[in-house]
Structures are given as C-alpha cells and as structure tokens.
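Residue numbers (the numbering used here), protein chains in the order written: chain B, 1 to 256; chain A, 1001 to 1265; chain W, 2001 to 2258; chain U, 3001 to 3258; chain P, 4001 to 4333.
A portion of the hints provided could be inaccurate.
List time: in silico DSSO-like cross-link candidates among lysine-lysine, alpha-carbon distance up to 30 angstroms [said to hold, decoys possible]:
1) K4016/P x K1061/A
2) K2186/W x K2014/W
3) K1072/A x K148/B
4) K147/B x K2071/W
Rather than coming from a laboratory, the hints here were simulated on the basis of the structure.
The primary structure of each chain is shown beneath.
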Amino acid sequence: MKLKNIFLPWLLPVFLLAVWQAGSATGIFPETILPSPVVIAQTLWEAIAGGEVISNLAITLRRTIIGLSIGVSAGFLLGILTATMPLLDALLSPSIIAFRQVPMFAWIPMIILVFGIEEGSKIVFISIGTFYPMVINTYDGIKTVPKKYLEVARVYEYTPIQTFQKVIFPSAFPSIITGLRFSIGMSWMLVVGAEILGAATGIGFLMAWSRQMFQLDRVFAYVIVVGAIGIIINSLVTGVEKKLLAWRGSGDGGSI
Amino acid sequence: MAVVFKNRSLPKHYQALGFVFPAVLLIAWQFFSYNKKTLLGPPGDSILALWNIIRDGTALKLLATSMERVIKGFLIGTAIGLSIGVLMGSSKTGEKMMSASFHGLRQVPMVAWVPLIMMWFGKAGMAQVVFISWSAFYPVALNTYDGIRGIPGKYLEVGRVYEYTRWQTVKKIIIPAALPSIKTGTILSLNMAWTLLVAAEIMTSEPSGGLGDLLSEGRETFNIPMLISGMLIMGCVGYMLNQAAEAVWGFVLKNRPDIIKQGGA
Amino acid sequence: MGIYSLEISNLNKKFSVGGRDLPVLEDINLKIQTGEFVSIVGSSGCGKTTLLRIILGLETGYEGEAVLNGKKITGPSAKRGVVFQEHRLLPWLTVEENVAFGLINMKNRDEKKELTDKYMKLVGLKGFEKVFPSQLSGGMAQRAAIARALINNPEILLLDEPLGALDALTRMYMQKELEHIWEKEKLTTIMVTHDIEEAVYLSDRIILMSSRPGKIKKIINVPLSRPRDRDEIYFMRIKDDLLSEFHLQAEKHFFYSI
Amino acid sequence: MGIYSLEISNLNKKFSVGGRDLPVLEDINLKIQTGEFVSIVGSSGCGKTTLLRIILGLETGYEGEAVLNGKKITGPSAKRGVVFQEHRLLPWLTVEENVAFGLINMKNRDEKKELTDKYMKLVGLKGFEKVFPSQLSGGMAQRAAIARALINNPEILLLDEPLGALDALTRMYMQKELEHIWEKEKLTTIMVTHDIEEAVYLSDRIILMSSRPGKIKKIINVPLSRPRDRDEIYFMRIKDDLLSEFHLQAEKHFFYSI
Amino acid sequence: YPKVINIGLGGNPYNKPFVSGGFGYAQEAGLFEKEFAKDGIKVAYHLFKGFGPATNEALANGTVDFAAYGDLCGVVSRAGGLKIHVLAVTGGAGDTYIVVPANSPIKKFYDLKGKKISLAKGTYMDLSFNKIISDRGLKESDFKIYNLTAIDGLTALAGGSVDAQIGTYAALDLVNRGQLKVIYSTTGPDVPDNYRAFGEIVVREDFENKYPELVKRVLKIIARANIYITDEKNREKVLALTEKTGVPPELAGQELGDKSLRWVNGLSVDKDAITRLKETAEFAKRHNMIRKDIDINDWVRPQYLTEVYKELGVQDKWVLPASAHYIKNTKHK
Ligand SMILES: Nc1ncnc2c1ncn2[C@@H]1O[C@H](COP(=O)(O)OP(=O)(O)OP(=O)(O)O)[C@@H](O)[C@H]1O
Ligand SMILES: Nc1ncnc2c1ncn2[C@@H]1O[C@H](COP(=O)(O)OP(=O)(O)OP(=O)(O)O)[C@@H](O)[C@H]1O
Ligand SMILES: [Mg+2]
Ligand SMILES: [Mg+2]
C-alpha cells in the first residue's frame, strides 16, 4: 500500500520521460525542437550552478507573487461583492465578463501607456490575468452556498459580514481555492508575457530570450524550474486546503 | 442587503445597469482624449473603424474563421478536460498517477509548447485548434477534479450500496454532483479558448484570417482604432459566447432546483 | 390570561410543484399566548414544517398574516430560536462552534465558553467540543442543534421534531430539560412532534392538523398540572383521545394524488 | 433453526476523533438467522449506525469479522438494502428517479416504471413522482428512501431509524407494510429504532446495546405470534421489561466525557 | 521529389499574404509554380509573424525547406545545432532609426547618454546599435536600456516611460504624424555599411542532401527574380510589391528612399558577404547569444549561387562601394 503510494505519482512522469528520451535517442524528436532529457538536465544543472536560475527566479517570484496577490485579492473581493450584492452584480458583472474576453496581449499598449515599463506594468499584467479565474470561481462558489445554511445565519440575525465569515466563505472555500490554483497556474503562464515588457531579467525573460536565441535546452531547463516551483506552490495550496477542509470528513471526496 | 442573505434577485430590467460602467468608461475616454493628442484617440475614431469593418463584411468573415477554431478547440479541450478531471477526481489511483504531472505540465508556459505543437500538428493544419484545446483543457479539468473531490461522501455511498459500476457512478452521481463546478470550468475554458485564439493565430504560421489579425495588426502598425475595434469585437462576441454558454447551462440545469435556486440540499 | 404572543390569521400558502400549485396550508387561524407550550401534530407532509417556517420568517409569498408580539413577521429574528427538522449544523464548524453559533455578538470569551460548556453538558455532548458534525451520530447532531437553539435565550422557541432521532431514554431526559427551561424562562414554545405522548407530556395545547391542504382540525387543551405523570389516568385519556382523533384521518391520505 | 445469515465475531471498532482514539464498538458477537427480524436499540451515540455500516460494508478498519452467508464482508452489495438515518436522496434526481435508483441495470422500461409506481404508492408518494427531494417534507423524504431500499428486493434489509420522521399513523401503516414485505420475502432484517414498541411489534429478537464503548448488553427474544397486538398483555410486558432494562443504563452517559 | 516545396518568409503586420522583394516578385509572377508544374511539385509560402524563432522552429520540425530571414537568426540557430546551410546572403538596407518625442530636448546622438532607451534585444537593431555605440567609444551601460519589441517601444515612448527608441522604419509613421522626430538613422552615404541589417537564404540540410538539383533550381528562380527587382527600371514595381504587403505607400517610399536597388536586394556569396556573416557571429558570441563558435565556411554553401550566377551570366556583387549605395550619387546599371 505505502509503496504503491510513493510509486504511483512517478509512474506517468517516468514513463513520459522514457518515451521522450527514447524519442530523442532515435531522432524522432529532433534535438532542435525537443532536446533530450539528459541534455536538458545538464543545462539545468549548469544554469543552477552558474547562479542565473536563482537570481532570475527571485526576480520573477517577486513579480509573480505581487501580481498574483493583487489580482487574486481583487478577484476575491469583486467576486464576493458581485455575488452578494445584486445591484453591484448587475452593474459590474457584464463588464467583467466582457473585459475578460479581450486577450491579455491586446492590453499591452494600454498597460505600457498607463503603467510604463518598470516593475509596475509587469505586475499589472499578471494581476489582470490572475484576476479573472478568481473572480468567477469566487462568484460561483458563493452562488452555490446551500440555502439551508444561509437560513441558519438569517435566523440568528447575522450581519452580512458575520454571515460571510461563518457561512458563505467556508462553504465557497473549495471553489475559491480552485480559483486560486487556476490563478497561480495563470501567473506562471503570464510571466513570460510580462517579462517581455521591458525586462532583461527573470525566468520568463530568459525563456523568451533562449527561444529567440534558439537554445531550446535552456528553454526547457527554465520550463522545468517554473514547473517545479508550480508544483511546490500547488502542493502548498493543497496542504493548506487539506487543513482547512478537515471538516469534510473522511467519507467525503469523489473517489470510488 | 445582499441577495445571498435574502435570497431574492433583482427584476429583469435591472440588467440594463450593465451598460452603466461601459458608458462611464466611454465618457472618461472621450474626456481624456478631447483636445489632447494621445495615442488612444477619441472613442469616435475607434467606433467608426468598427463600423467600417462591420459594414464591409470584414468583421463577419474574420469572426467566422475564428469562431470555428474556438468552437473546435473548446469542444476538444473540454471533452479531454472533463475526462481527465473525472479520472483524477474519481479514482484514487488516477489521482495519484496523474496529479503531479497534471499540475506540473500546466505550469509549462506556451513558449515551450508552440514549437512542439507546430511540429506535431502544424502540417495537418491543426496547430491552432490544438493550441486552443490545450488552453481550454485545464480549467475544465481542474474544476471537475476539485468539484468531484467536494462531493459529499454520503451520496457516493449510496452508489456503492447499489453496486453501481464505476461508469454508472460517474454518470449518475459524480457528474451531476460536480455539475456546478464543471459549469464554472467550462465557462472559464470557453474564455481561455477565446482569449488565446489571438495568441494561436499569431504564433502559428498558417494563414490566420481570424479576429487575431485585427488585434495584431492594430497593435503592430499603431492603428489604435483598429486595435480597439478588435478589442470591442472580442469583448462583445466573447460576452455573447459567455451568455450563450450560461444559457446552455441554464437549459441543462433547468431540472435542478438544487442548483438553480442558489444552493443545493 | 396573558396576552397573545403569536397571532396567525387567514393564512394560506401554496407551493408550486412541477408547474402546478399545491395548496399546503389553508385558512390557518391561530393565537398563542406568551409563555404557552403548544404542540403541532399531523400526518407526514401536512404542512407543519411550512407553518413553522412562516412563523420563523423564512417563508414568504403567502396570504394572510402572522403577527408576533404585535409586529407583522417579515423576516427571521434571533429572538426566535429554532431546531430544524434536519439538524443543519454547519459542517465546517466544530460542535462547540456550532452550539455557540448564536453567540456571535457576545464579546466576552470566557462568558461564551462557560455558556457553551453549560449547554454542551445539558445535551450530553461534553467531550465532543472539537469534533466536526460529520463525526457525530444522528442523535448527537440533533442534540447539538437543540443546544444551539437554547443557548441564545430566545423569546419563542420553534421546534421541528427536535427529539425525533433520540432513543427513548435520552428523549425523556431531553423532554424534562425542555420543560425545565420552558418553565424557568417562560418561553413561548411551538413544537412539531410525532410522539403523541410527548405532546401531551409537554404541551398546554395540542394542535391537530389534517392534511392536503393542511388545516387546523382540532385544538386540544391539556389541563394537567406539572410535572406530569405519564401513567396517570387523565394523561392516558387525553393521549388516547388524541390517538383516536388521529385515526379518524384514516389511511386515506395514502391514496391521495395531486 | 435455520442457518446463520450473518455472523459477527469479536468486532472492535475505533474512530479517531480529534487525534484521539474513541472506542465505538467493543467485542460485538452476533449471529442472525436467515429470515430473522432483529432490532437494535440503544442510546444515542452508542454505535448502532456504525454497526449497520460495518454490515453494509461501508466501514473498514475494524478488528474482528463480519460474515454474511458464509462470505466475509469486504464492501457493499446491492443485495443489502439500506435506509440510512438521513434520507440520502440524491438532490438532482426526482423522487421517482431516486426510488428507481437501484434498478439501474433493469433494461425493461415498462417493468421499471411499473415497479416504481408500485413502491411510490406503497409509501404514499403517488403524485410526487416528478418532484425533487428539496420539495418534500421530512417524512416524505424518509418514505422515498424506504421505497428505494425495498424496490431492489434485497436479501437483507438494514434499516437505521427508518420511520423516525413519521407521524404515529403513517408510522403504524409503514410498520404493517414492512411486516408484510418481510413475511412475504422472508427478508433478513436488521432495524435500528428508538421506539421500543416498534421494536417489540416487529422483531423476533431485540438487541440492547450499552454505550461507550458500544457493547451488546442483552438480547431479548420476542416469542409472540404475528400479527401482534400492541395491547396484549405479553406484548406490554416485554415492552416494559425492555424499558426498565433501558432505564438501568440511567442517565450516567450524559456526564461521560472522552 | 517532394510533393511540396515549403518556403518560410517573414510575415507582415498587416496580415497580407504577400512578401516584398525578390520572393514577392516570384510569388506575384508565379515563377516557382511555373518552374515546378511539370514535376508536379507545389510550392507553399509560410509567412511567419513570429519571425526568427518561429522560422527556426519551422525549419527544425521540417515545416519549411527554405527560409529567408535576418543574419542573426541564422547564426543563433546554426549555433543551436539547427541543420541548415546558407545559400546566399541578401541585401543590407534594413535601417535603424533612433527616435524621440517631437518635443524632446534630445537633439543628437550624444544626448542619449544616460537616457532611457528602448531596444529590442537580439534583433538587427541590437546589432546595429552596438556597432554605432562602440564606434563612438560608448558602452551599453552608458544608457538605460529597456528590452521592448519595436512596437512596444513606440508605445512606451508615447507614454513617456522611455526617452528614445532604437527602431525600424515603422517609427516613421509617427514621425510623419508629428509625434516623434528622428535624431539618428543609418541612412545616408556616410554611414558605415555594417550598421545596416542584412539577411540570408537558408536550406535545410536534409532537403539539400536529398534534392541538390532542386536546391539549385529554386535558387535559380530566386536569382532571376532578384535580377528583375534589382533593376532600377523596375523601381516602381519594387515599391508596388512592398505596398502590396500593406505598408502605406508613403512609408514604403520613405524607407526605400534613393537607395540603390542592387544594394537593398542584392544576393551574394562573395567574400565580403561572408565576412559580414563572420562579424555577426562574432557579435553574437561576444554578447553571449551563442554558446559556441560556428564555422562559417562549413555553414555557407556558395557553390549553388555561384553556378546559378554563372549560368545566368551575372556577376556576384553585393557589397557595393559606398558611392554606389544611393542612386543620386551614382548612375546604376
Ligand atoms: N420548497 C418546497 N417546494 C415545493 N413544495 C414544498 C416545499 N416544501 C414543502 N413542500 C410541500 O409542502 C407540503 C408540506 O410540507 P411540510 O414540510 O410542511 O410537511 P410536514 O408537515 O413538515 O411533514 P413531515 O412531518 O413529513 O415533515 C408537502 O407536500 C411538500 O411536498
Ligand atoms: N466518521 C466518524 N468519525 C469519527 N467518529 C465517528 C464517526 N462516525 C461516528 N462517530 C462516533 O462514533 C460514535 C457512534 O456513532 P453512531 O453513529 O454509530 O451512533 P448511533 O448509535 O447510531 O447513535 P444515534 O442513535 O444518535 O444515531 C459516536 O460517538 C460518534 O461520535
Ligand atoms: Mg416537516
Ligand atoms: Mg445513528
């Protein structure tokens, strides 16, 4: 049992890796498109040893975390407000939905015009992109709070804030966490876009730069760094989630 | 006081309020561009440009091309996303096996995917659709997965007691119970498909002829009215797509008092 | 004696079920005095819960009116304590937090703790403070819900089969406790129950409802002094009367269709 | 007489509550014959539901074993019908669909419809076919759950306070129906109930459990012929015996803490 | 024979399915189609809006067989292991313009010192800028350089977040609109030749090894088209081809100016051309754009063009004397 648990998560990655290495060795994947895992590992090691990964990662993390915090808090807040206030919902939701449909890329000129090209614009770029998943998941999570629990709060004359704290938030929490995970994923995808806004540092920049310089092994080495950080952040979120969702009890969850 | 607290919604005609914010924005824009030479130009320019491409039919043609890609990509992406989501959510083994790869692969930015997608699908002219599918895949997968994990155990136990096969459980319990989450996922997916359309049209080399052209050309040639009219079309059509998806869901869920009337049992 | 605490007049309530109107309550007229203990009995689906929900202020869209202490009921109030038919404990709060749910505005933490402990003990849940509702048995959850309703010191108590999930012994114990509290606080109490003996044991008056649509069929006074003795002859007689009254409604409702 | 349908031996079950181990069932040994009607009574939280869940195959991680018809129970089976303590109707299915839940593999639509109608009628829900569980009253939901358990024609029936939310009249009607079905199908039935009278009325044997940890305190035979008469002297005596036995457990459990 | 010959070229921002220059003429006149019709081979043009990286990836995954792009793109891909050979080096008149807002106090090049400048790193403008500053004894660190694409740079300039932009002729549009002014450009007879961009035509080695004769035939058509468009008689046509890609006539005219067509569009593998490739490779090495040296001689396959030119009876000459750069200075034949 225990052994299986440790073994299973590695099954697919190892399998993919094996296919990949085999594909590279036999030339099915040209090295100039998909360098072999061995080459990438080597490049990655050099990049880490050379210190460039750490320094650029620190810069990127800073941007991502700030941008993410802003986007996620704004999305969370607006999700709550629109979901709980019908007037605000009617007023803002159509605009939020419509704005959401415009690709991030089209906003770049406006972002540059308004926020310039220093850190601000990169952070804004990430904020906008991470805002949407959060707002919609928060909204939907709140909209599906079971009525029976809301009634209990009404009976005890909870103020809106108290109802939010004790009923709405805990009930919508799983959905909000899903939004958060999605936003985190988004932030990593957006960082490449953000770091072409006047940056010469950061993992996203390095990725774009390496691609331009046709150093695909580097591209993939950075991709692995970003992926690893993503997995770490994701498991942190999962950990927090597990703790906060202890109430779901052992019987819960979809596994059959 | 808020609707969740009172469980009452506004009359239909309040929907017109949705125009207030765009109107304010328009006025502000007009105000700031009035008398000043900004890159943005007054809204009139952009609206005129929009009108022109609508009148001469360009807009429709671009839209049709893009729409086809989006729909295809969305359908493929959602179908796969739903399957993976269900697999990971409903099977412990599936979850253990896939979740690390799933969360890891998701973090891989598009720059790494584009050459691969081009290599594998470029020749078949499928690159854009694949690209869009990949973007649409994740939100559905994630929301389905998380939705399923939140299904109260008590319902699953009922399925176990009646010895439902895995497939029956998925069909009769897991999907219906996770439907609100799946709905959120598909709406996000549609949004991803729609907004990454432009990226797909730019990154791949095939003749695009889609809406992305308006945005990329407008941006790269400093034709701001064109850029803005592209954004307006993206925004409006995207909005309609979103509403259409909501309507379809409304229909699917019309027999679900537990969901429609805000909150289930 | 006493003033009327609750006055319900000409109440009619319909639900829309599958597109059709289902009349649930028809022509309900009812006056309940302050400090009175009233039970409602009636067959399954006759509208008892709906009536309680109207008094609670959770149900809207009915004809007629419900007036509590001179004020028309328009929404819920923390002064009206309730035990719902299902326990409705919030699954994300511990038992203790659930019980203290109504004390949200109590700032003094010690006082809150003390009060919570008192009611946890009252319903026999001492030791289960930090446990989540999903880890309780059915009866324990129901007792927690009772504690939650009582802790708030409400003016009127609305109980929807509060003791339904309890074994005979625990049930009797809880009945006694309910009676104590009711006597001490002079609480106006309306309780839905299926246990005729329980109704006779606790109530000043018993409202017998008939079904489809739910109407008040009969109101029975229980002029017995308290504490009551279940084996006493008058007690038995009232109980038997009620039972036979009940039986008059016969089994016809089982062959009813909309 | 008869062979043993269910054999439970040396069963021990602990739950982990708030980090600590809570012993719930201790040293349960029980044999139930094919076609027997057995009731379980015991105070709230003593482990009745847990025992049923073990027999059902939903609970794992216990010591000892439960063997049904010669096979060790390792998971649930459609041959074991169950009415859970809460109704557990699926909120996204209509009442009719909920009742037909166990018929998923029945291909013949007409047959399925007919069967569903029959059981809907049996539990008095005719006319509520297309209604969703959220639109039912508490008792109606419970009846739907009973129909769902019966429709499947199980070999053994596990009932967790199946009639708890029903009024006296409906309850008696349902008791009779249960008895009919049990007699006709020779169903092995295990029922948790809080109503001693109900237990005596229906059971061949009554298991009295004591609490914390739950143990079998006594097993009482009910050697009365059927149909039984509640007012008959032997019936009353058994009931009284049971009640006094029950009272011996006294109120001490209310002051128990982990 | 392959069913299709795929040619990868740079797209235009106007999303027009046309290219300018020699390929534009070949495309318009259907030269490839005519040549290969008898063999049943089709010719497909792929216009990459992602430019260099996209083209390199397309070469790597075999989407295109031939490609034409900037010198740096070829150098980095070769260094990255892409199996391609250079068939010809193309003209050198991609000009760099340094622009500032119309009302800026910056007047001349030296005023830029210490200012915020936007520059698309890793493009020919980067190359050009580096040569300009090193010839003046300056270093990159004498400026505050922001890495922005040409178009984002203009936006940043308009928004006031940078003081100047090193850009392409696209900036002329805003200059014409009176928002910007040019303080320095690489146009004009006294500017060193190597300040300007040039490009190369490459072929995938696979393709070359399989069909060497096709490579020659393709190159021959390119050369023929080139002869046509470097003929000053066809100057109008050259402009018309550029305009067909969506470039406004005014801009097209401004960019071409009075540069000689031979200089703009020339096609060569002569010594000078190869020297320029070497310079680019050295630059790339110096700026850490490539990790290992590339052997230019092993990379360039001059024989094809040499033979083609011989067959066509044309002289291989691309890098002209400065006096021949502008038609005003010298009568060009
Ligand atoms: N939300 C609802 N929508 C539609 N019909 C409803 C709703 N709630 C209750 N009903 C219907 O109203 C009738 C009365 O329900 P109610 O819950 O008041 O019964 P009850 O007397 O409490 O029964 P029980 O003793 O079984 O709990 C039932 O027929 C039920 O189907
Ligand atoms: N999932 C669980 N996790 C932890 N503890 C549990 C869990 N389920 C039940 N318990 C504990 O096990 C004990 C027995 O619970 P059980 O539900 O079997 O009681 P019961 O006899 O059915 O009581 P009731 O008559 O009140 O329904 C209780 O103390 C309860 O707190
Ligand atoms: Mg009820
Ligand atoms: Mg129980």
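Against the structure, the hints come out as follows:
no. : hint              : in the structure
1   : K4016/P x K1061/A : holds, 15 angstroms
2   : K2186/W x K2014/W : violated, 33 angstroms
3   : K1072/A x K148/B  : violated, 40 angstroms
4   : K147/B x K2071/W  : holds, 26 angstroms
The structure fails hints 2 and 3 (numbered hints given earlier, in ascending order).
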